[in-house]
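Chains A and B, in that order, are what the protein sequence lines are. What the first sequence shows, in this note's numbering, is residues 1 to 575, in sequence order. What the second sequence shows, in this note's numbering, is residues 1 to 302, in sequence order.
Hints were generated in silico from the structure; no laboratory data involved. The beta carbon of each residue, even a glycine, is placed where N, CA and C say it ideally should be. Among the clues, some could well be false.
Here are some of the chain B residues that sit facing chain A, going by a computed Cβ distance under 10 Å [as the list claims (entries may be wrong)]:
# : residue
1 : 140
2 : 144
3 : 215
4 : 220
5 : 227
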Amino acid sequence: MSEPAVRVEDLSYTYPGRESPTLVDISFELREASWTVLAGATGSGKSTLLAALAGWSTRSDAEQTQGRVLLFGRDARTMTLGERAQHVGLVLQSAEDQVATTTVEAEVTFGLENMGLPVDEIRRRATDALRQFKLENLAAARTNHLSGGQMQRLVLASILAMRPRLLLLDEPFGQLDSAAAAELMPDLDRLRAGGLTIVIAEHRLDELLPRADRVLILRDGRLSADVNTNCPERLDEAFASSGLEAPEMVRLACGLDWRRVELPAIDRAQKPPRPALSPNGGEGFLCHPLAVGSAISRVATRLPNHDGQLPMDRREAPLLRASKLGFQFPSSQAPLWSDVAFELYAGERVALVGPNGSGKSTLLAVLASLLQPTWGSVHADLPSDGRASSGLVLQNPDLMLFCSTVRDELAFGPAQLGLSKADVERRVSQCAAALELEGITDEPPLGLSRGERLRVAIGATMTLEPRLLLLDEPTTGQDPAQVEAMLRAVSEAVRQRRTALLFATHDLRTVARHADRVLVLGNGALLAQCTPAELLDDDELLAATRMRRPPLFEFRRRMNLRALSVEQLIAEVAR
Amino acid sequence: MSTYISLADAHGRGWLEQVDPRLKLAWVAFISTLSVVVDTTPALLMLFAVAMLGVSGLTMRRGSWLLVGGLLLAIAWGSLLSQALFYAAEPRTKLFTLVPPATMFGWPWSGLHVYQEGAVYGLTQSLRMLAMTSAGLSVCLSTSPERLMAALARLQVPGPLAYLVVVALRFLPLMLVEMATVRQARRLRGYSPLGIRLAWSPRAWAHWTRLEVALLLPVIASTLRRAQALARSVSARGFDPAARRTFYPPLRLRRIERVALVAMGSVFLAIVSIKIVYWLNVAEQSSGAGLTSVYDFARDWL
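Bound-form chain B, shown alone (with noise of 0.2 Å):
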């Protein structure tokens, strides 16, 4: 089922849920492109907090939230990590070396070090990836595909594009399930792809490329079947994605959730027209001498 079907709790139904989806897309919109104007990290660390808002108001599972927990973790682990052994910026400290330093076909090589610096540098940027992740999975999780579909065909966006999107949240995860249904079908039959059969030599790379490759086939025929059935039967209740439909129940936009839409877009124009103004005065393309204090703001916080 889809990822909304699958983690969500089935019993609870939080504030998240309640909200109208055009506002969950424009807040994803919101953190999804402030998290690349912005740079600073108190700026980032504010804008993760900000998203981590709308991560509250899910109501999941315990292991559920321990498989969002883990991703959000594995996201800032990955960055931290990378960025602290390939730091290239000066200065750098050395925390501990991994691999000293070596001659490797007859060239010097300085090793593998862990830096400190880079170490920062690497989280503070993760926490771009983790707002802008835990925006799209607040909305994620917490719109079912129809009210999604909705939301998309009244913001514009091409039908059939809109169902796409919906087709794709109901199915990949079933898709995933057939998937290790087929594995577990090859191993009924004997077959265990480190087996001692295999010899490792490039015939059985060959053979087990391939075997893994035809894992796909049932999956693929199972998938198509599925396509067709679901297009006889949508079809036969007279969907079209290039017309004009009803949605029930209709989207409409509460009072507070008028008043947050500003808001938010009051604080995305402010911030973006600040930066602007920042961006030209270091490209000296323009200076005010009364923008000054609002250069510092740009530089210090943003």
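Isolated chain A, as found in the complex (with noise of 0.2 Å):
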């Protein structure tokens, strides 16, 4: 039997100053050409398990460590720097974060340069790296002028023309929009085919885990669990007992009964398929009880389409009304968007999408008052009573907080509005207790978890009671769970003080569970209103801003079901 691409014996990790660890007796092995996903609540030890084994940059870190390591064989302790990048290859989830170098070409043969191969070498290597990940016109390029996913498709390059046995990804589409990160997947699909391992820390489930072989959990540190992918009912008892809700995908199989589906004689749990490629890099899948085809293929019958109904009741006069908005920078040559109309009604959730780099950052600004549109204007009737105007939550939430505790952070906007000590102290109240707070008012924000330091920055903009609450992209890098347990609150302030929000996402699941309409901005224009149900079945509107339905939503179309959720969609196809 060949060696383990990796082992790891009774691992443990407390991090320096630190009292709990975070890493408790992990020992797994993943064999080489097998694609595992690693998945957890936020804090649970993913990153922390994945620098484990992509060996730590410190000595501090190597001495905190208990058990061990071994990487093809060897034990990771043994091998030096340059060894370890021979072997192993990380992506984290910020790509920028990870670009070292100024151009394309310098970020792919940096880490060749570092293994000091000789010139032609790293002209040859970097060459089919650019080639393989469909960067070879870009050769030139400023890496600050890529666009999302050309950064990660870049990163990936890099990484992987060192030609590593190991590849591990930490959240590696986090900041993509969902066309971006559907990219990756075949290179990914091909890859694995060559013969490479892949371990991928993730929150789109959905998508992996019909690639995958095998998933492990990862509980409070502990891993609870270990399951292979082609059991549905397996999985959904793994993810219950690890306190964590089953993907879509995992809950609608099970809902469906997968088992009165004959799926072709593959052995799935004893040799990793090397799946059949295509172009959409979905297809090849079609046998996984997980994926959208197979799902289909349980279903006999077909629902009529419907009309979608935009929820709100329109008697009452907009809360905002932009009139013909466009918008251009200084340095560009033509506007980022313009002929931008809408309105925005008290009490309503809406959602705004589009793909990376369509303006939804821009236009939330200008909603913001923080920049001025270049044509058209905004008009609001929000008088102001003690209440402000408006409140916007930036992409990132870090930079918004910087009081020395949770409590000053709340106080902060309220104070600034000059309400009296006792209205501020009943502000911050209602919304710790509102947002989950409560427990760590006199906690440092920046010291908090990440989903903690998002529910701080939406609180210190929700203590400002705003008319109009504006969120740049609130789901990025957070958990389902948490991105749930937010919006439900958040939804039912905007309820009870008649606020409109309006939301910038690329996640189209959260779209679908707490907005009743969204806006489309893509290629420079608002491209549609109209409900979340309508976006979900318009091929060509989701084409044309380079959205991806989930794989749920994905069902939902092919089957012309009606229902937005699981358990409803399960329901609908049984009646």
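Using the hints, put the two standalone chains together into the complex.
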């Protein structure tokens, strides 16, 4: 029997200065050319485990580690930095933070230069990697001019030019729109088919599970489940026993009773399949019980389509009316967007969607009066009765936290409004309760977890009780449970205070669950105003905005179903 | 992004970008040293003109040209104004008076005047700074950080120091952008540093100072996270600043660059030698009857 690609034996790790360990007695083995998904809530230890597999960069980290990691039969501790780099490639969440150089070619050659390879070999490998990731025409381009998708492809190219045998991906799709993320999947399929072992920590599990062999679930630093992906019931149990909600396609497969389907004769438990490749990377996985095609084959009936209805009662006057808005950066030759017109009503939740770079953040900044529109105007009926007219939570909420405690952070805004001490305190208490921040009000905000920091930033804006609440990509880097809890709290506040909520996102699941209406921005214009259901049904609109339906909604679309949640879809199919 | 990225033209690749960075570093050393060594107005003017040759090789957007021009003008203006106001040598000619003589706290004060000789002297002295700044800018704006790192490594500058320069060039501008974002975030929550709620009292000043300092907190935290991610990423790609590595594309001095290097070195040695001989003579440490023409040349032209 061949040596496993990875063998982890009783691995424990405690961060310096902390009392409780982040990883506790973790043991597992990974076969070569396997694809493993690492799942778990934020803070469960996924990134720390990947860091341990990649090899610690400091001596103190290594000293804090018990147990051992064997990479292709060798103890990782005995490997030099260079040797490890030749075996293991690591891709982190934020592509921009990983890019160490200023041109595409320099970035791809960076690792090869560190390996001390001859110049001719560097040239050959760099050319191959650039071609493989469709970056050959951008070799001389500056890295800061790349789109999010191109940047992530560049990071992959720079790692894979070094030809590692194990690829570790730490939430690589977190900052990409769904189309950019989907475009990377075939690349990963191809690499895995070529013998690469892949371990990926990611929140978009529905897209990944049909491709993966196994799921390792971490809970509080412990390996709470280790299951194959070919049995939805076992996956469902594994997620439930780990305190997590199972991915939508797992719940759908369980609800549709996947055993009724005759799967092709592949014994996935014995041998990892080498999937047939296809241009879109999807059809080769039709046989998997969690794939869309497989789910469709279980449902015999087709249901009629439905017409989306705008849920809001439009008899009242709009809170905000944008007329013929346009924006152009002074250094740009063309407008970012123009002729944008829409209305926002009190108490409604509106999603703003569009591909990376479509100008969603700029539109929010215009509505928050941070930027002046180049054309058009915004009319707002926003009386200032101790409430701010608008509040914007920035894409990077960390840059909004500058006070020494969470309480001060929440109180900062209302204090600037000139409210009495008692009113400020009342708003702080209400907001802390709504966003579950009560236990950490005396903590320094920047020392909190990522999810808590976002909630504090949102809370610090909500205490202004703005008439118009603007959230810029609030789901980025958050696990689904946190997103759900946070948006539920925000929705409740929006309903109670008659606020209008506009949130930019590229996550169509969030749109379906939390938006009453959608503004679709793309190709320099407001392409549509519609319901989430209408957007999910419109192939042309999705293609124009480079958005891909999540698998659950792909299933819904192909089956012409009406419902937007797993449970409702199962019930609808059953009828 | 780095100064190189933010100012240099994204599409244009001028001849200066193609020049070997080692030659450009030698150029900066050449101009900087000579701007300290020479004293006469013609020599400083000549040095400034030579330094501007490098600037003329840059390819930048119009706005960037305006920024560079503004920076050079500000240097010249600052030096001119300070010398014109505070010139102490005699003789000096008053051009006009800004503040007439007065008695302050019982002491006589001669007032504030603009002196003609001071303005000329200031303008001349500013040429030193202008020459150095122009040479430095022409190198910074035409050399990518990684080419600079390759050059520094080839010049035996310790690896960690060379990489420090590269990372600083890459991330300092990002920090400035983040600082602006924090200010924006504060404004979004109703704060205005000049707002009417801030009374001009010592307590208000203390509050204002505390908030301004607090601006740094999120930027520092973000920078630390970014630094951690970058460290993990470059470690995973086998980067060891102290280890030997290949540089791609390799640095190779072209024939014309070798000629330029030799010419620059020759001029540098000649000027420095002449000045040393001149200074020894002025200090009465050495004197030669046959060197009179050299002394005269140094005094009048260098």
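Hint by hint, here is what the structure shows:
The restraint placing residue 140 of chain B at the interface with chain A is violated, with a minimum CB-CB distance near 13 Å, outside the 10 Å limit. For the restraint placing residue 144 of chain B at the interface with chain A, the shortest Cβ-Cβ distance is roughly 5 Å, inside the 10 Å limit, so the hint holds. Residue-level restraint check for residue 215 of chain B holds (minimum Cβ-Cβ distance to chain A is 6 Å; threshold 10 Å). Here the hint on residue 220 of chain B is kept, as its CB sits about 9 Å from the closest CB of chain A, short of 10 Å.
Below 10 Å, beta-carbon pairs count as interface contacts, and residue 227 of chain B has one with chain A at about 9 Å; its hint therefore holds.
The structure does not agree with numbered hint 1 stated previously, though it agrees with all others.
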